[in-house]
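Chains as they are written, first to last, in the numbering used here: chain A, 20 to 369; chain B, 20 to 369; chain C, 20 to 369.
I should point out that these hints are in silico values taken from the structure, not numbers from a laboratory.
A hint or two may mislead.
It does not matter which identical chain is meant; a pair holds if it fits inside one copy or across any two.
20 Å max Cα-Cα, derived EDC-like pairs, lysine to aspartate or glutamate [stated by the list, open to error]:
1. Lys79 / Glu89
2. Lys88 / Glu136
3. Lys67 / Glu214
4. Lys253 / Asp343
5. Lys72 / Glu369
6. Lys46 / Glu56
7. Lys67 / Glu205
Residues per chain are reported as follows:
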Amino acid sequence: MGVNDLNRRSFLGVSAGALLCTIGGQKVYTDQPVDPESLAAGVTVPPKVRAAKQNPGLIKAGAITGVRKEYWISAETRRWNIIPPGPNGKRMDQMLNQRVNKGRTTFEAYAYRAYTENFGQPIQANAVPGPTLEATVGETLVVHFRNNLPVPVTMHPHGVFYSNEMDGAYKGYWTDPGGFVQPGEEFTYVWECPEGTQGSWIYHDHGPLDPIPLYKGLFGSIVVRDPNEQPPDKEFFIGFHSFSPVATGLRFNFNCVNGRAFTGNTPTYRANIGDVVDFHVYGMDDNFHTFHLHGHRWEGASGAMVDNVTFGPGDSFRIRLTEDNPGRWFYHCHVFSHLHDGMSGWYLVE
Amino acid sequence: MGVNDLNRRSFLGVSAGALLCTIGGQKVYTDQPVDPESLAAGVTVPPKVRAAKQNPGLIKAGAITGVRKEYWISAETRRWNIIPPGPNGKRMDQMLNQRVNKGRTTFEAYAYRAYTENFGQPIQANAVPGPTLEATVGETLVVHFRNNLPVPVTMHPHGVFYSNEMDGAYKGYWTDPGGFVQPGEEFTYVWECPEGTQGSWIYHDHGPLDPIPLYKGLFGSIVVRDPNEQPPDKEFFIGFHSFSPVATGLRFNFNCVNGRAFTGNTPTYRANIGDVVDFHVYGMDDNFHTFHLHGHRWEGASGAMVDNVTFGPGDSFRIRLTEDNPGRWFYHCHVFSHLHDGMSGWYLVE
Amino acid sequence: MGVNDLNRRSFLGVSAGALLCTIGGQKVYTDQPVDPESLAAGVTVPPKVRAAKQNPGLIKAGAITGVRKEYWISAETRRWNIIPPGPNGKRMDQMLNQRVNKGRTTFEAYAYRAYTENFGQPIQANAVPGPTLEATVGETLVVHFRNNLPVPVTMHPHGVFYSNEMDGAYKGYWTDPGGFVQPGEEFTYVWECPEGTQGSWIYHDHGPLDPIPLYKGLFGSIVVRDPNEQPPDKEFFIGFHSFSPVATGLRFNFNCVNGRAFTGNTPTYRANIGDVVDFHVYGMDDNFHTFHLHGHRWEGASGAMVDNVTFGPGDSFRIRLTEDNPGRWFYHCHVFSHLHDGMSGWYLVE
Numbered sequence: 020m021g022v023n024d025l026n027r028r029s030f031l032g033v034s035a036g037a038l039l040c041t042i043g044g045q046k047v048y049t050d051q052p053v054d055p056e057s058l059a060a061g062v063t064v065p066p067k068v069r070a071a072k073q074n075p076g077l078i079k080a081g082a083i084t085g086v087r088k089e090y091w092i093s094a095e096t097r098r099w100n101i102i103p104p105g106p107n108g109k110r111m112d113q114m115l116n117q118r119v120n121k122g123r124t125t126f127e128a129y130a131y132r133a134y135t136e137n138f139g140q141p142i143q144a145n146a147v148p149g150p151t152l153e154a155t156v157g158e159t160l161v162v163h164f165r166n167n168l169p170v171p172v173t174m175h176p177h178g179v180f181y182s183n184e185m186d187g188a189y190k191g192y193w194t195d196p197g198g199f200v201q202p203g204e205e206f207t208y209v210w211e212c213p214e215g216t217q218g219s220w221i222y223h224d225h226g227p228l229d230p231i232p233l234y235k236g237l238f239g240s241i242v243v244r245d246p247n248e249q250p251p252d253k254e255f256f257i258g259f260h261s262f263s264p265v266a267t268g269l270r271f272n273f274n275c276v277n278g279r280a281f282t283g284n285t286p287t288y289r290a291n292i293g294d295v296v297d298f299h300v301y302g303m304d305d306n307f308h309t310f311h312l313h314g315h316r317w318e319g320a321s322g323a324m325v326d327n328v329t330f331g332p333g334d335s336f337r338i339r340l341t342e343d344n345p346g347r348w349f350y351h352c353h354v355f356s357h358l359h360d361g362m363s364g365w366y367l368v369e
Numbered sequence: 020m021g022v023n024d025l026n027r028r029s030f031l032g033v034s035a036g037a038l039l040c041t042i043g044g045q046k047v048y049t050d051q052p053v054d055p056e057s058l059a060a061g062v063t064v065p066p067k068v069r070a071a072k073q074n075p076g077l078i079k080a081g082a083i084t085g086v087r088k089e090y091w092i093s094a095e096t097r098r099w100n101i102i103p104p105g106p107n108g109k110r111m112d113q114m115l116n117q118r119v120n121k122g123r124t125t126f127e128a129y130a131y132r133a134y135t136e137n138f139g140q141p142i143q144a145n146a147v148p149g150p151t152l153e154a155t156v157g158e159t160l161v162v163h164f165r166n167n168l169p170v171p172v173t174m175h176p177h178g179v180f181y182s183n184e185m186d187g188a189y190k191g192y193w194t195d196p197g198g199f200v201q202p203g204e205e206f207t208y209v210w211e212c213p214e215g216t217q218g219s220w221i222y223h224d225h226g227p228l229d230p231i232p233l234y235k236g237l238f239g240s241i242v243v244r245d246p247n248e249q250p251p252d253k254e255f256f257i258g259f260h261s262f263s264p265v266a267t268g269l270r271f272n273f274n275c276v277n278g279r280a281f282t283g284n285t286p287t288y289r290a291n292i293g294d295v296v297d298f299h300v301y302g303m304d305d306n307f308h309t310f311h312l313h314g315h316r317w318e319g320a321s322g323a324m325v326d327n328v329t330f331g332p333g334d335s336f337r338i339r340l341t342e343d344n345p346g347r348w349f350y351h352c353h354v355f356s357h358l359h360d361g362m363s364g365w366y367l368v369e
Numbered sequence: 020m021g022v023n024d025l026n027r028r029s030f031l032g033v034s035a036g037a038l039l040c041t042i043g044g045q046k047v048y049t050d051q052p053v054d055p056e057s058l059a060a061g062v063t064v065p066p067k068v069r070a071a072k073q074n075p076g077l078i079k080a081g082a083i084t085g086v087r088k089e090y091w092i093s094a095e096t097r098r099w100n101i102i103p104p105g106p107n108g109k110r111m112d113q114m115l116n117q118r119v120n121k122g123r124t125t126f127e128a129y130a131y132r133a134y135t136e137n138f139g140q141p142i143q144a145n146a147v148p149g150p151t152l153e154a155t156v157g158e159t160l161v162v163h164f165r166n167n168l169p170v171p172v173t174m175h176p177h178g179v180f181y182s183n184e185m186d187g188a189y190k191g192y193w194t195d196p197g198g199f200v201q202p203g204e205e206f207t208y209v210w211e212c213p214e215g216t217q218g219s220w221i222y223h224d225h226g227p228l229d230p231i232p233l234y235k236g237l238f239g240s241i242v243v244r245d246p247n248e249q250p251p252d253k254e255f256f257i258g259f260h261s262f263s264p265v266a267t268g269l270r271f272n273f274n275c276v277n278g279r280a281f282t283g284n285t286p287t288y289r290a291n292i293g294d295v296v297d298f299h300v301y302g303m304d305d306n307f308h309t310f311h312l313h314g315h316r317w318e319g320a321s322g323a324m325v326d327n328v329t330f331g332p333g334d335s336f337r338i339r340l341t342e343d344n345p346g347r348w349f350y351h352c353h354v355f356s357h358l359h360d361g362m363s364g365w366y367l368v369e
């Protein structure tokens, strides 16, 4: 959608993009880069957030029932290359076996990062998307969140059960401390996973600068497993999203899978014949997408077989199939301007 | 989509919007205001409509079986403020606790309005959307419609059963009288609700100026209840739509819920713990949306639990849940440029 | 979405469209016409394709089990008129009973065309979309494909089972011969239809110039029938797609059904009371659509009754209903800018 070649039109001196939102009194357009710290400067700290800073005892924790699944998650900046150079030193699109010629591809992303207990050591490089949070029905996710970014952000979950204070959403005057975690501060989210929450879900920033931090990479998957269901042999978590000029400052928009664009840079998934394979798919930008997988099909929502599924922002779903077809396959968005602008990847079956 | 800040680009002297349609020989662009009466002047009155005006006996009424549910509905103009000033005299977005700075917000809307028997007294202020039409399976909706607008419009229903003459759709040469109700005229629509029509539906203008009158507010909900199903304790009818410059003449596009934009202006819904709550949701503009509700989830189309549903123009569906989570929650479209430009509201549970 | 009136903006000297893709090193914008042969000149023939040309024995055919259903399909150019003049010599929109005033409507389309055995005689005029390929569960589609176009194209199927070499998709360096059928060459696709592949599917070009050849008309339907299900009395195959300036060189975009635009030019379908009627619907452009049918409803994915379904590019699905409502009805996309710009047609029931 919209315009993604800023340079070709900059002489016009106007934005050709749509109004995205207004943050801290500044209008934000879809194609014009913003400075998150400048936006944050215009936002008033809500009264309950101010009060809790002076008296942390005011923070009401959710009840913790069942087995704790505990995570330590930090939000951090990260130089992120959407299309890292390949072995030949060039940025390649393996789908077309051609160089990608879209100018600069590196920017300062925001990423959730998992640490060992009490933020001892990072478990992984910080990356887009953030770590997958896992629980089984009956367990409770306890997520210790530390904001190491220069702007207030949050963690807002989908699908799980949580009391109102654990919503992780900015609500203007009524904002709870978990909905406005300031730079350098911590907040512990308690999210319960009772019967009825099994499924593929997501979490993402929903703070006062939303959607800018999310557009810069602040999202990830949650999976709540049903103990009565056969576990998969392989499972893949696939986020279709955009890195757009408003959030990256780059010249072009990039249609991405898990933070990367174009086949060979996006994840290459592997499975074997006979594997039970779960694809957990979600949408995390302003666009609608479809998930298409070559050489395979599965039972769709209506009971009919499908090999292509429409979904939108905030949707998440799981496809399960038993692998029966060896070879080099594409998974991709079937929106042609997404598919051919980076939203595609390899799925290799042996 | 497209451009919603006319002022910033008017010096270009061109429309940056897409061709929406051609009405009465005039091309209509998505971002350029139109004059409905001028469009109507270019439309020829179809032969069956002319004939029926001279001889009302030519109008074939649908069969009326079952219990009549009778409505008297008028279409009227209405000065409509998309963002009424709050108690502080300012137009506010409670989601971000900030003023909305989008210029003028009032325009001449079109609205369906319910009256007592034989158009005796208005039952309510005219408003967007129109009154919800209710029936139970086995009943017949008899809708006496009077057009008090300066242009021809209609009522076209979804979901219910109706004979061809009761379609309420302009069909060029083949148009029936119910598909072209002229200013000052009346038409009685007979819509049956046999087994198989239970569900959440919509009605809207489908006359010769479609979609302009609908874009100005001519739409509403129909609900056909299944007598074998437990009635809800609370139910909410939620239309996601746009008030766009083509129909309002205002500078900006507004992403709306039920005629209003931004949290606190859009409907605030209330329920209690233990309530069976039905959300009837529909889309009524050119965009696709998702319906997301914080702190809750429900069984989706595939049988898996979901908390976010993709839908498009003309789609209508019902979500049922038993309320179990107190607090101040958001319902919103998860398309970020919709969510943050007004398509959001409060849901309060005690 | 985007801009569809090139003329009004050409003085700007810039593309207002989005980057669609990069083919053969050339950037392709949604609103700027391209020359497919010039694009093709920039594409390198993949090594396995070169090798097979020198030694056709290298082509691995899929196993052929079950009964063969054999087709001979050629891809050809065809002068195609999106809106043929009516009996009055004018291009009409019967929905509004007005002339269509969108400039030229004829361009050089690409079309799949069916022939008798061994490419003896054409079975039909070549047309958009291509012939429907039919099989019953247990059979194998054997599709002899000859490329009579000036650029490399393919046939890629959805839904059926096929070994990796039969994918019909360009895969850069790893491309198999079936993924890059050069002008004048032939390739035989073997696509199996075992249990689990019953349904409504599509096929389309997925070669090195994708999506341009598809945008010019290279797509069609596949139906795999379940022998245990009642056959329909009537069935209709309905593709919602666009003929856009990038592929046609015409001034305007056209919202089409099966290659034609505006009611009366798009297919007029006919059925009788009591008929079991199947609508096979698919999306084949960059947009999302809904399928709406006046005067009817059917069981939707969730089990609730619906009369409007959202779908996207690459989605295909079947609606089955028993005809019970005589008259002149519309089927149409409920996206208003699609509906009123040509994506609509008649459905006549007697």
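Evaluated hints:
no. : hint            : verdict
1   : Lys79 / Glu89   : within (18 Å within a copy, 52 Å between copies)
2   : Lys88 / Glu136  : within (12 Å within a copy, 62 Å between copies)
3   : Lys67 / Glu214  : neither (32 Å within a copy, 52 Å between copies)
4   : Lys253 / Asp343 : within (14 Å within a copy, 35 Å between copies)
5   : Lys72 / Glu369  : neither (55 Å within a copy, 27 Å between copies)
6   : Lys46 / Glu56   : within (15 Å within a copy, 35 Å between copies)
7   : Lys67 / Glu205  : within (15 Å within a copy, 56 Å between copies)
Checked against the numbered hints above, the structure breaks hints 3, 5 and satisfies the rest.
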